[in-house]
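Enquirer: Keeping the supplied structure of chain D fixed, place chains B, F, W, Z and L with the ligands upon it in accordance with the hints.
Chains as they are written, first to last, in my numbering: chain D, 1 to 291; chain B, 292 to 744; chain F, 745 to 1067; chain W, 1068 to 1248; chain Z, 1249 to 1442; chain L, 1443 to 1643.
No lab work stands behind these hints, which were simulated from the structure alone. Given the structure is predicted, the values throughout are model-derived calculations rather than measurements. Heads up, a few of these hints could be off.
The calculated lysine-lysine pairs, modelled on BS3-like cross-linking and capped at a C-alpha distance of 30 Å, are [said to hold, decoys possible]:
no., chain 1, residue 1, chain 2, residue 2
1, B, Lys480, B, Lys412
2, L, Lys1503, D, Lys82
3, B, Lys511, B, Lys474
4, Z, Lys1414, D, Lys41
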Amino acid sequence: MEIINVVTAVASIGGMGVVFGGFLGYASKIFAVEVDPKVSKIQSVLPGANCGGCGYPGCAGCATAIAEGKAPVNACPVGGAKVAALVGEIMGVSAEESEPQVAFVKCNGTCNNAKMKYEYKGISDCAFEAQLSGGGAKGCAYGCLGLGNCVKVCAFGALSIKDGVAVVDEEKCVACGKCLEACPKGLIQFKPKNKKTAVRCSSKDFGKEVIANCSTGCIGCGICEKNCKFDAIHVENNLAVIDYTKCKDCGLCAMKCPKHAIKNERIEAMAAKKAAEAAAAKAAAPAGDSK
Amino acid sequence: MQSLTFKRGVHPDDAKALTMDKSIKVILPKEGSELFFPMSQHIGAPCEPIVQKGDYVKVGQKIGEAKGFVSSPIFASVSGEVTDIRPVLIPSGGKSLAVVIKNDGLMAEYEGLKGCPDWTKLTKEEILNKIKEGGVVGMGGAGFPTQVKLAPKEEIDHVIVNAAECEPYLTCDYRLMLEQPEKLVEGLKIVLSLFPKAKGVIGIEDNKPEAIKILSDMVKDIPNIEVASLLKKFPQGSEKHIIYAVTGGREVPSGALPSAVGCIVDNVDTIISIYNAIVEGKPVMRKIMTVSGGAPMNPGNYQIRVGMTYKDIMDQIGGFKVEPAKMIAGGPMMGFTMYTLDTATTRTSSSLLCFTPEEAYIPPESSCIRCGKCVAHCPMGLQPYLLNKLALRGDSAGFLAHHGLDCISCGSCSFECPAKRQLAQSIAARKRIEGALKAAAKAKAAKAAEAKK
Amino acid sequence: MDNIVMSATPHVRSKESVQSIMRDVIIALIPATVMGIKFFGIKALMLTVISVVSSVFFEWLYEKILKKPCTIHDLSAVVTGMLIAFNMPVGASWWMPIVGAAFAIIIAKQLFGGIGQNFVNPALMARAFLLASYPSAMTTWSVDGVTTATPLALLKTLKNSGVTLDSLNLPSLAQVATGVGIGGCIGETCAIALLIGFVYLLIRKVISWRIPVIYIATVFILSTIIGRYGVRMGYYEIFCGGLFLGAIFMATDYTTSPMTPKGQIIYAIGCGVLTYLIRVYGSYPEGVSYSILIMNLGVPLIDKYVVGKIFGALPKVKEAKKA
Amino acid sequence: MNQISTPAIRLCVICVVCAFLLGICSEVTKEPIAAQTIKTQQEAMAAVLPDCTYEDIKDAKLSDNVTAVAKATDNSGNAAGFVVSCEVSSFGGPLDMMVGVDPNGTITGLRVLSHSDTPGLGARSTEPEFYGQFNGMSGTLAVDKDGGQVKAITSATITSRAVTSGANAALQWVSENGGAY
Amino acid sequence: MFVRLILILLAGIFVNNYILSQFLGICPFLGVSKRVETAAGMGIAVIFVITLACAATYLVYNLILVPLGLEYLYTIAFILVIAALVQFVEMFIKKSSPALYQALGVYLPLITTNCAVLGVAVSNMQVGYNFIESLVSGIGAAGGFTLAIVLFAGIRERIEFNDIPKAFEGFPIALIGAGLMSVSFLGFSGLIKL
Amino acid sequence: MSNNLKVLRDGIIFDNPILIQVVGMCATLATSTSIINGVGMGLSTTAVLVGSNVVISLLRKFIPDTVRIPCFIVVIASFVTIVQLLLQAYLPSLNDALGLYIPLIVVNCIILARAEGFASKNGPVASFFDGLGNGLGFTIVLGVMGAIREFLGSGTFLSAKVLPDVFPKTLLLIMAPGAFFTLGILMALFKHVIAKRKTAE
Ligand SMILES: Cc1cc2nc3c(=O)[nH]c(=O)nc-3n(C[C@H](O)[C@H](O)[C@H](O)COP(=O)(O)O)c2cc1C
Ligand SMILES: Cc1cc2nc3c(=O)[nH]c(=O)nc-3n(C[C@H](O)[C@H](O)[C@H](O)COP(=O)(O)O)c2cc1C
Ligand SMILES: Cc1cc2nc3c(=O)[nH]c(=O)nc-3n(C[C@H](O)[C@H](O)[C@H](O)COP(=O)(O)O)c2cc1C
Ligand SMILES: Cc1cc2nc3c(=O)[nH]c(=O)nc-3n(C[C@H](O)[C@H](O)[C@H](O)CO)c2cc1C
Ligand code: SF4
Ligand code: SF4
Ligand code: SF4
Ligand code: SF4
Ligand code: FES
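Here chain D stands alone, though its shape is the one from the complex (with noise of 0.2 Å):
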């Protein structure tokens, strides 16, 4: 071995280690920029890697675009979950809304309740075929086109079309808005999650209208209104319009209602539930003749 071949490089590569570091300690203090501290807080959980994975340039340009809104949090393939939640932490994703809120569809027009008016061929978009004379298929130029644009733009899957009218699962629901934006008829709106009894009508026609259309919708009758001890729903517009702030969610309304236009989950899935429960009963009793 010989040792001066070692100290050459010793020599070298040590030189170069001094010249560069102090070069870039250097021009790291003269060519300081400010950056954004999110951004930079951002940039120190990404992995670093300047991969180009994310489709930006460089995990800077990845921050950048996460700290603008103009990437999601979990931007970074590298990073997986783990850097996702940290960048969440950072971008402070928080809730502020004391109750949780979530979407419902105002209507109720299913294929067995409306009527139609014609048959729609064309493309298969509600706000397409809103803007057709008539408003839509639909009988009720108010109601659920059924063709699904608020499902499109649910990126948690919380949207469904059942029986031509789109439902929203509440449990998938986090109240991101995008649906209310995307329905042309603005049939989708928020209400507190806890609270179960809801207008499923958005038909502002007169009650000999609606009923010529539908079976269940609002006709502005007000028994609502009158049962109501709380003062929390109205009719305006031919409407009954509930005040979230005031309802207590005891459900009189929903069965008040002569056509059934308010509905409240709760009381609903107890009563499906007696009568599945009489069903399987009933089920269960042939059966065990059978046998």
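Expert: Leaving out everything else, chains B, F, W, Z and L with the ligands in the frame of chain D:
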């Protein structure tokens, strides 16, 4: 004569033979029937009713007053009692406040109407005022108040009579040219008197040789009017494209009006209405309408009274031989479908097409195969397949960047598409959504500005 | 009246459909099929049938597995299948069209979304795949059971010193134009039959003249003006190899060619130049397949940046001023 | 210590330590590596001209194709011939080969060392079926297609020609210069 | 000489395309190819850096390592030089021209850890190009990278909303697409022989 | 499961460097033409990864922020050079097969990513397991890809002929495009399986 035309476009079967030879038949509303006069039958501010429930009105009496600058008054087309003033369904599906008149069958004429056979004595202002007071709006479909259109800021060197009638099935303009050519020429002279430097051109598609012949003969000796034969091609009648054809290549700039290139385009019926309003003193109360398609018993051309319901008209001309599967107000390329005949005709109702189920059949959409036919045929030089994708995706920025707003909704792309894609529908829908977004943004900005103050 | 149909404009449509277009392409391919069978025997027919059947089968299978709507009735898989077979030598084994069809239909076409959504020509991709995977089977040409070299392979040897044009024993011009006794892929040898198909497609307005004519013209001009190693026979070279098949049937594939006339011109010239370069300087005697594939890659960019003029659009200068 | 010198010094320290370790490592592996290189070379040479010792001819007259020549001496000290390294241009690019030629100008062995031809075609030039046929050939060679005695690889005439031309270059070198060494 | 330089350049761009036949710089190729404009920016930045790096590493190798007999240290020396260079250029651009930084500088950190840069430097050294040839081959390689990534970005824009099976969305379909491109690029093989 | 084992498992499966993190693509595509090459590359990388992870973790307090990256790179490059020298000395055939890609281990994004993302924030033991996990994850995928490509493309398994000659060898698979296709399909399958597992949970 060499037929003039524009670039691209499509050649649908014109289906005019059904009604081409049917001369115009006059149809009057049934006695005792109700007529509806929506206060919004034109582009611009709706009119305000100036009659009350219970009033008795006569034929030609003004019942709606134009309040805005861009607006046009509305006249009763029958005599009878005003039975109601309420919102009614209009053919396009919306609702509009309307004066309802019960026809007493007397057709009593309103006394105030006076014609002016020697119109050459009138000043420019008087002519424009008479046009306004005659309720003349664009009969080519848009319904833009004509007096506004005839007072442009720019210098005009071409007044073009849009007699292309490029939509399949329609023959009402053609019949008018055959039956009332002198009114058309005289009307055009009136308009030309407003623009001393302008030349009048009557542009007619070459599938109507008869009309070309009659009008050519009539204008032989008039120095500033000529007849131009146009190639039969859709959408030859589109304002921008008829200008391109007639003027040898002038393009109305994107977002600008025809007057920007020194042109004014008016429909045949618009010119005749100007004649009626000025020379005969009759406001717009009647309309020539083509009823066609496979379903009606008697396809033909009919002179109807504005305000009659479609149902009334169909009843009087013999109803249907087959239950219609689709009913279209306007032509098959641009007209809109209706789901009921219980709506009233307006000043711009030019036709009713009733299709049998076979005619109404539109094959289902399949994936775009990128054949490029839509691009090759779009008269605006757009890329419909791309706009379609962008519209479906709701990509606003992309849609605007690819000139989605320049689409004239002619439907050539959808017509031509072998994959039967609903290109025009998606583009038109997105255009409307863009319009709404723009309006909303404007409103928001205005509100913000107000809040700042 | 709830059986009334409401739809958006327009309410009338042309008669043409995807199926009718593909049917026309199939009809246009028939003369070449007949000539292929005439020159190469019943085996050519067998390969074509295997190829078409397996293309359709893989399309069906994929859509079945992914529960997508079945699109085999649009006949595009039949076209792809025919073209895969057309691009093989008759000596290929029976399983090669099957492997090729699987690659074309599943990897090149369906994974990207199916008809209209692929970015490279599936049939050519199958050919490139087979050529790279099984090169000796794909480059063994035989006519009537005797192995022959293709005219282009002969011409290729010109670059070796000492080889002269006379020593090559090239087939006559009439032979290369009609394909009589010429080695090559099943569908490529008879230029006349392919031309008949071209005329049919033109009459039926399925394709425009632009891509084929400009493509062939570019190759013609380059091989006439520059030529190869002293030989300038543009009129001869255009009939050699798969140029007609490629220019008429493959470069024109809707899905993988540009939309606008201007774009199509750029694309066709690009194909022509690449074909010439590969033929003369490249490893392969024939450059049609690869040049079309390479230009396919540029189509998205061409479509993005080469767009037609919009009616009424202001010239750029004016627009800038306005703004 | 300030902001500039700290990083510089620390980076330098790391560099120095690394360089030191690397230096050691390099010294340790130097001999095995050199041995490996020689071994590889010897093995290659032994494959084309067996049972000899080889000595590079440093001042050999090289040509376009001939890149190096070694003189072989057999165990009894007699001149056994030459090992000629050639680089020729083939289908996919350069192709390196080695040819053993005995003093009579007969090929004793031939190997393709590296190439960039197509797997399955040109690459078959590395198979004994192909290179084996060269053993015992002499004179000016040509592939069967060109009327010669070398059986070309099916569908890879270009590669075959390239290898043949390399063999020719080696034979030519020996016939022209062999006497001089 | 001039012809040889041109051939080296063209060979780098088409025949020995770094992405599609040599596999260098695949990570940014897959990552930064979602939009054509970004891809083009990346490509230009790569051309810039590779040219600089080729020059710098050539000098370091031939002026320091070879004279000292330290060839085996090339990896560490090259990467140090490249990293320092890129970092310096980035800081410099960021300070001196924010516009240029947006267009080009943002891609720089990505390039340090891009195989292509080190790959070109090492292969230049192995082939034994002279200084000018090294530069040209660097530009060629980077040009090939740019060509491939821009074409690929065009394709990805077009297939972005295609009906692609769930499992294939994202990287898998991008890889398949790159594979199809790579098959097409086989057509260039042998076109230029150096 | 102990924390270190979890780190190991994540590296191999849930954060697999190739299939999930999608880094180190070049080496993956280029060297997976056969099992030997793939595994050789994988193990070389693992050695560098483990070594640099441990060293960087030990030095994490010493390394100043401004020259962090150069420091990491120097450490990594040293390990690479060591591996390279060792291969040259004792496994020359593998060294020849992997060629250019040995020095390129330096720029394999996975190594810097683990250095920045893990080693500079964790202790040496955890860093060791992290490096090992990621390295093995890398090696396994390379091995699998190598096996597929070798079997279908050359008809061999670990260089032993297994595919009879009548069965055609799909040469494309050992060429450049084959690498893309194999990895693409492998990645899709992996995604599919993981997604299925997730829905099953
Ligand atoms: C696609 C398209 C086709 C048209 N076709 C006709 C037509 O055939 N006849 C016509 O008078 N107007 C047609 N128009 C309307 C004209 O553009 C223009 O509005 C009209 O000629 C103006 O005259 P007016 O104001 O008298 O209606 C068409 C418009 C479009 C967009
Ligand atoms: C807001 C608005 C303002 C218009 N102003 C004028 C005008 O000043 N002069 C004019 O000639 N036409 C004017 N037009 C009418 C258009 O030029 C055109 O005739 C009308 O939009 C219908 O065209 P179309 O039938 O081709 O669709 C105006 C239209 C709109 C909607
Ligand atoms: C994909 C492909 C790869 C090829 N690879 C080689 C090769 O490596 N070596 C070679 O000599 N010929 C190769 N060829 C074939 C040549 O292009 C040429 O056809 C052949 O050398 C002619 O020789 P033949 O007369 O033996 O068929 C290849 C052809 C193709 C299509
Ligand atoms: C004019 C024309 C040419 C075609 N050429 C091809 C072709 O070269 N290869 C192919 O696979 N399919 C071809 N097709 C069928 C079809 O368009 C093709 O499979 C699409 O690429 C599928 O998306 C062609 C179709 C038409 C109408
Ligand atoms: S889109 Fe948002 S608000 Fe609407 S249902 Fe889905 S999660 Fe709830
Ligand atoms: S709720 Fe609105 S968006 Fe959703 S399906 Fe109904 S109409 Fe469409
Ligand atoms: S894009 Fe618009 S203008 Fe063009 S053809 Fe379609 S509907 Fe007509
Ligand atoms: S006409 Fe239809 S199929 Fe053809 S490109 Fe346009 S949208 Fe696609
Ligand atoms: S391994 Fe990431 S760029 Fe090569």
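Enquirer: All the hints need checking, so say for each whether the structure fits it.
Expert: Hints, one by one, checked against the model:
1. Lys480/B / Lys412/B: 13 Å, holds
2. Lys1503/L / Lys82/D: 23 Å, holds
3. Lys511/B / Lys474/B: Roughly 16 Å separates the two Cα atoms, so the pair holds.
4. Lys1414/Z / Lys41/D: 33 Å, violated
Comparing the model with each earlier hint shows a violation of hint 4 alone; every other hint is respected.
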